[in-house]
Amino acid sequence: MDTIKQRPAERRLAKPVMLFIFSAFLLLGLKDFNWFSFVLAILDPLAIYASTLLLPKLFPADTLLLALVNFLCALGILTLYRMDPERGISQIITYGIGLGVMVMGILYIRFWQRLKATVPIVAVAAVVLMALPVFFGEERNGAKAWIALFGVGFQPSEIVKLAHLVVLAFLLSRRRVLASVLFAGVSLVLLMLQKDLGTALLYYAITLIMVFSATGSLTILGLGTAGAAAGAVLGYSMFSHVKRRVAIWIDPWADPRGSGYQIVQSLIAIANGGLWGTGLGLGNASVIPEYSTDFIFSVILNEFGVLFGVCVVAVYALIFIRGISIAMRSRSKFHTLLALGCSSFIALQAFVIIGGNIKLIPLTGVTLPFVSYGGTSLISSLGIMGLLQGVASVNLEDIKEDQMIALIGEEN
Amino acid sequence: MKLIKRNIRIIVLAVILLLGSLVGYGAYSLGSFGNRWFSSASNVYARQQKNDVIPGRIYDRNGVLLASSDEEGKRYYHTDSAVRSAVVHVVGDSANNVAYGVESFMAQYLYGFSDSYFDRLRQAFSGVKRRGNDLRISVDASLSRYIASAFPSGKAGAVVVMNYKTGELLSLMSFPLFDPMNIPKNIEENPQKPFWNKATRWLSAPGSAFKMLTFAAALKNIPDALTKTYECTGAYQVGDSVITDAGLASHGALTLKKALEVSCNITFAKVALEVGDEGMRKAGQAFGMDDYFLFTDLVVENSAYPATNRVNKEIAWTGPGQSALLLTPLHMTMMTAAIANDGVMMEPKILLQAVSDAGDTKASLTPRAYRVPLQPFEADVITEALRGVVTSGTGTRAAVSGLKVCGKTGSAQVSGQEETNAWFVGFLDEPDLPYALCVVVEDGGGGGQTAAPLAAKIFTELKNYRY
Amino acid sequence: MSGLSTPVYELVSMGLRYWLLFLAVVIVWRAIRLMQKENRLYKKTMRQLPDAGLVGELVDLETGQAFQLPREGMIGSGRASDIRLPGIRRRALELVFRSGYGLKLIPSHRKHHLRLDEELIASGGDYALHGSVLDMGGKAYRFRLFEGLDVPEHQGQSYAPEAEEAEAEDVWAQQMVMQAPPPTPPGAQADEMMPPPWPRQEEYVFQEEALPYEDYSRHESGASDPYLPQQEVMPQEEEPQWQPSGDWEGQDGYH
Numbered sequence: 001m002d003t004i005k006q007r008p009a010e011r012r013l014a015k016p017v018m019l020f021i022f023s024a025f026l027l028l029g030l031k032d033f034n035w036f037s038f039v040l041a042i043l044d045p046l047a048i049y050a051s052t053l054l055l056p057k058l059f060p061a062d063t064l065l066l067a068l069v070n071f072l073c074a075l076g077i078l079t080l081y082r083m084d085p086e087r088g089i090s091q092i093i094t095y096g097i098g099l100g101v102m103v104m105g106i107l108y109i110r111f112w113q114r115l116k117a118t119v120p121i122v123a124v125a126a127v128v129l130m131a132l133p134v135f136f137g138e139e140r141n142g143a144k145a146w147i148a149l150f151g152v153g154f155q156p157s158e159i160v161k162l163a164h165l166v167v168l169a170f171l172l173s174r175r176r177v178l179a180s181v182l183f184a185g186v187s188l189v190l191l192m193l194q195k196d197l198g199t200a201l202l203y204y205a206i207t208l209i210m211v212f213s214a215t216g217s218l219t220i221l222g223l224g225t226a227g228a229a230a231g232a233v234l235g236y237s238m239f240s241h242v243k244r245r246v247a248i249w250i251d252p253w254a255d256p257r258g259s260g261y262q263i264v265q266s267l268i269a270i271a272n273g274g275l276w277g278t279g280l281g282l283g284n285a286s287v288i289p290e291y292s293t294d295f296i297f298s299v300i301l302n303e304f305g306v307l308f309g310v311c312v313v314a315v316y317a318l319i320f321i322r323g324i325s326i327a328m329r330s331r332s333k334f335h336t337l338l339a340l341g342c343s344s345f346i347a348l349q350a351f352v353i354i355g356g357n358i359k360l361i362p363l364t365g366v367t368l369p370f371v372s373y374g375g376t377s378l379i380s381s382l383g384i385m386g387l388l389q390g391v392a393s394v395n396l397e398d399i400k401e402d403q404m405i406a407l408i409g410e411e412n
Numbered sequence: 001m002k003l004i005k006r007n008i009r010i011i012v013l014a015v016i017l018l019l020g021s022l023v024g025y026g027a028y029s030l031g032s033f034g035n036r037w038f039s040s041a042s043n044v045y046a047r048q049q050k051n052d053v054i055p056g057r058i059y060d061r062n063g064v065l066l067a068s069s070d071e072e073g074k075r076y077y078h079t080d081s082a083v084r085s086a087v088v089h090v091v092g093d094s095a096n097n098v099a100y101g102v103e104s105f106m107a108q109y110l111y112g113f114s115d116s117y118f119d120r121l122r123q124a125f126s127g128v129k130r131r132g133n134d135l136r137i138s139v140d141a142s143l144s145r146y147i148a149s150a151f152p153s154g155k156a157g158a159v160v161v162m163n164y165k166t167g168e169l170l171s172l173m174s175f176p177l178f179d180p181m182n183i184p185k186n187i188e189e190n191p192q193k194p195f196w197n198k199a200t201r202w203l204s205a206p207g208s209a210f211k212m213l214t215f216a217a218a219l220k221n222i223p224d225a226l227t228k229t230y231e232c233t234g235a236y237q238v239g240d241s242v243i244t245d246a247g248l249a250s251h252g253a254l255t256l257k258k259a260l261e262v263s264c265n266i267t268f269a270k271v272a273l274e275v276g277d278e279g280m281r282k283a284g285q286a287f288g289m290d291d292y293f294l295f296t297d298l299v300v301e302n303s304a305y306p307a308t309n310r311v312n313k314e315i316a317w318t319g320p321g322q323s324a325l326l327l328t329p330l331h332m333t334m335m336t337a338a339i340a341n342d343g344v345m346m347e348p349k350i351l352l353q354a355v356s357d358a359g360d361t362k363a364s365l366t367p368r369a370y371r372v373p374l375q376p377f378e379a380d381v382i383t384e385a386l387r388g389v390v391t392s393g394t395g396t397r398a399a400v401s402g403l404k405v406c407g408k409t410g411s412a413q414v415s416g417q418e419e420t421n422a423w424f425v426g427f428l429d430e431p432d433l434p435y436a437l438c439v440v441v442e443d444g445g446g447g448g449q450t451a452a453p454l455a456a457k458i459f460t461e462l463k464n465y466r467y
Numbered sequence: 001m002s003g004l005s006t007p008v009y010e011l012v013s014m015g016l017r018y019w020l021l022f023l024a025v026v027i028v029w030r031a032i033r034l035m036q037k038e039n040r041l042y043k044k045t046m047r048q049l050p051d052a053g054l055v056g057e058l059v060d061l062e063t064g065q066a067f068q069l070p071r072e073g074m075i076g077s078g079r080a081s082d083i084r085l086p087g088i089r090r091r092a093l094e095l096v097f098r099s100g101y102g103l104k105l106i107p108s109h110r111k112h113h114l115r116l117d118e119e120l121i122a123s124g125g126d127y128a129l130h131g132s133v134l135d136m137g138g139k140a141y142r143f144r145l146f147e148g149l150d151v152p153e154h155q156g157q158s159y160a161p162e163a164e165e166a167e168a169e170d171v172w173a174q175q176m177v178m179q180a181p182p183p184t185p186p187g188a189q190a191d192e193m194m195p196p197p198w199p200r201q202e203e204y205v206f207q208e209e210a211l212p213y214e215d216y217s218r219h220e221s222g223a224s225d226p227y228l229p230q231q232e233v234m235p236q237e238e239e240p241q242w243q244p245s246g247d248w249e250g251q252d253g254y255h
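Residue numbers (my numbering), protein chains in the order written: chain A, 1 to 412; chain B, 1 to 467; chain C, 1 to 255.
Since the hints were derived computationally from the structure, they do not count as laboratory data.
Quick caveat: nothing in here was measured; it's all calculated off a predicted structure.
The C-beta atom is built at its ideal place from N, Cα and C for all residues, glycine as well.
A hint or two may mislead.
[To be verified] For each label pair, taking beta carbons as the anchor points, the in silico distance ranges come out as:
1) C:R110 with A:S259: 49 to 59 Å
2) B:I16 with C:F22: 17 to 27 Å
3) B:S126 with C:F22: 21 to 31 Å
4) B:E418 with A:P289: 42 to 52 Å
5) C:R79 with A:A230: 25 to 35 Å
6) B:F33 with A:P289: 16 to 26 Å
7) B:E72 with A:D251: 35 to 45 Å
[Claimed, not checked] So these bits of chain A aren't anywhere near chain C, every CB distance computed over 10 Å:
8) F20
9) S23
10) V39
11) R87
12) G100
13) L132
14) Y204
15) L223
16) K243
17) L282
Next comes chain A alone, as it looks inside the complex (with noise of 0.2 Å):
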């Protein structure tokens, strides 16, 4: 049988969104001639077609995610070659990392059965990991977040997350409710100790979904909700940067030039583009601090425009909704409550920071997962993606095995 011949309906995904690179690079390198943009027009939709539609071949993948996820990778490598090639190019070259993490943690999942008994020395060194800032970090932005390993800046509490993610599904699988809300809670002391409170409130809310999906108490989600606004006033009145970040969302026009700068420049680049966007190249949002980072999807909104703000909201919501479904045709807890979790963290993650764009909530310090810039996010993000496909193929495995238990017993 021909095992080349690729389903027709993935493919048709996996067409516009290679389409969607090659104009836009081509359309870059007519900017000014860069001949490495027709390259790139020419080598990103193949790497698009390797990773969406060769990946699957190795083992069962999910390949409606993986095209969405990759249309979300080429669209923030996009993004920022627009804005300064070199970190483009440093994106392609951690898309590539993180592709090989995406497939450790599609590995770790397969081989579940094995490796469960390293839960321990992960939780262990995921607390340790996340000690590590507290002690040896770097303050950026207002948060002691960030560590220097080898000369390279990392952010341990985008690696734990998938640590987090495992141990906390793996407790809750087993009714360990309390231990996996220590666990939680042992994270989140240290992130806030680290005032990476953007990161905190995720890792929060996350926990509160997955125990409140294993337990189905709503005690424990009327108390996790009082509890999460009981932490906000508590934090605004602790930390002054969290009255500052408040007084800017609330007033950003108070000061246009100095605090509120920030998120000015980001309203004002919205409304420049409008609807349909000021066209690939012709955009001004490099005003925007942290552009690259924090204000991605600004400046995405500013060069294509509102509408197509919307489709890469949608597409969020869609990679949500087939995380869930994968989630619920899981046939054991552990890969029910994974499954959940990875969903659910990438669309919290993106609705908090787009929020914080589009001065719905205040700013925190999470970035856009898949597109913004920055090792570790990507990185991060590409792993969760792992777990999720892990759950996907294993959640494939066991269907085929049923059907071939059915062909075998026709033949009996």
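Based on the hints, put chains B and C in the right spot on chain A.
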């Protein structure tokens, strides 16, 4: 497992709602505020784009050229310095010193930002540098010049003239004026703040001019308001404050109409207490106080009715228009216009037409009702009372023979200022001269002495040059 | 480096934004449709595989009514229970299938009256095997696990295997099965399954060709099903390589 799956469904709903709120909020936010963000002075991109486009011209309602650019993009205003100074706060200047003037607030038309792709293509192929759209605005340049000459020199203040049927602003002026083509070096040190558009951005308590709103509140809340009489003995004690009238006059028994004519503080203080703080607030809000103004053509500061729990003396002083009320001259004009227009308050408009260089109309005036605070009969009653103010009350100096002038004077006390702010709000009850106005002269003395005569002059000018 | 002149580039880029937006909309649209189609296909497949994800049945010995046993689930009287029975607590018992051990029953409350094969179930859980009898809520239920699952033999004392089979046939004769067909692998509907509807089937050719990925995952399914020809029978390596003293299976507290 069924349990987990059921719980997951709840989570899915919550997350999808969250993501949906992003789109919803984004759409609302951009739709309501997008133009303001775009016109903001911090928008570097817009400034850069302006280099590629020759901005369109600005004409007044009669076709008088107020602003234009040459091929290099240098901006020229009206040749007569008196004219260009008079309209400077509406039109704006090329350095964006005036915030939200037409030059910056309507940049999307003037620079063709909202031009469709086809327009751009067409202009590109025609070979000439792109031109923005030309604008015709509702302001009358010669009327504004006249007002500038009539306004007491050296004083700060504002004048607004509005067509109460359509909402068009014939004049929107803030004093002191300045010449956009010859800006003095130390202008920013002028304590009277010439760059600021006081008509739209200056909030203060309007004094007795506010009594017309108290009158309206009485009509809405007191059943026998028209026949009831109030006793004015020259002094009225509320709490630890004594309410008095100008010149310590004692008016005796007054109907509301008479009280408005003589501008009796005590009567309206009693009315305010009788209506109650809630009633007064609701009446104010019906007229647009506490609203977040999001007009399409201009930016106006929000008016505020004092919010805190108030003791009686504060409520009492609200009646005559003191206390912590905050209103702009433009809003006062809008309120007056509502009374004149059978109770319908129209949204203030400046843009009459935006026309592209090829002759297509991109936008044109669409009068819009903003609020309907009064029923027609209520408006009639107040109109009658305001007519009485001019014929036999404190506003006689606003009278113009042959015209039915209605209005209300005001003398607002400001701490730290020797004289009161002189206010006059009024309108012409004439079918073919549907104009309302507001005149404020800071530190000008009595409204009836300083503001009313200026209003009379404006009305005369309007009558002589029928528009 | 020269490039297109700026006004020309502007026009080209502004024109292309509609194209790029169009592609984005196409991507979203196709993704939605793909998801819908695939969902439908999945549901259809699942309907044709009624035993998918199940490990057997729980038979009410009095009435003969049989309930499907999921791989992981919960027995209780609440609405969200996988097996809903009256007369017991809302959440009475958790089921977790462990390949090589059996179906682990974990009571949800410390004080319970659940007995497996006449013995009170330990709070950490006990393994039910094919033929084990559960006493719950005053009634008795027997576990019937599918053949081919990797579970140890039941050291049954009370019931002789033949009697058990006879009783089983008795039960079936009364046609009191609530849902699925008998617990042996279904053969009746296999016809409808050819060709396999699941899109993945074509890609992953089993049996004939060497699997490019030989190391099948070990997870909680019948991976060691002896019915699969040519499949390398994986050694029983379900036990973790090391037995941690603080057993993660949770002997302490609630599991």
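Worksheet item: Is the nearest Cβ of chain C still more than 10 Å from the Cβ of A:R87?
Response: Since the minimum Cβ distance to chain C is about 19 Å, A:R87 lies beyond 10 Å and the statement holds.
Worksheet item: Can we confirm that no CB of chain C comes within 10 Å of the CB of A:L282?
Response: About 5 Å separates A:L282 from the closest Cβ of chain C, which leaves it inside 10 Å; violated.
Worksheet item: Is the distance from the Cβ of B:E418 to the Cβ of A:P289 consistent with 42 to 52 Å?
Response: holds (49 Å)
Worksheet item: Is A:S23 truly not at the interface, in the sense that its beta carbon sits beyond 10 Å from all beta carbons of chain C?
Response: Answer for A:S23: violated, closest chain C Cβ roughly 6 Å.
Worksheet entry | Range agreement (Cβ of A:D251 with Cβ of B:E72, hint 35 to 45 Å) | holds (39 Å)
Practice prompt. May I ask you to test the hint 17 to 27 Å on the CB atoms belonging to B:I16 and C:F22?
Written response: The hinted range 17 to 27 Å holds for B:I16 and C:F22, with Cβ atoms some 25 Å apart.
Worksheet item: Minimum Cβ separation between A:K243 and chain C greater than 10 Å?
Response: holds (39 Å)
Item to complete: Given the hint of 25 to 35 Å, check if C:R79 and A:A230 actually sit that far apart at their C-beta atoms.
Response: holds (32 Å)
Item to complete: Could you let me know if the closest chain C CB is still more than 10 Å away from the CB of A:G100?
Response: Label holds. Min Cβ-Cβ 17 Å, cutoff 10 Å.
Practice prompt. Say whether it holds or is violated: A:Y204 keeps its Cβ farther than 10 Å from all Cβ of chain C.
Written response: Holds, because the least Cβ-Cβ distance between A:Y204 and chain C comes to about 24 Å, which exceeds 10 Å.
Item to complete: Please settle this one: A:F20 was flagged as non-interface, so is its CB more than 10 Å from every CB on chain C?
Response: violated (4 Å)
Item to complete: Could you see if the CB distance from B:F33 to A:P289 stays within 16 to 26 Å?
Response: For B:F33 and A:P289 the Cβ distance comes to about 21 Å; the hint holds.
Consistency with the previously given hints fails for numbers 8, 9 and 17, ordered from lowest to highest.
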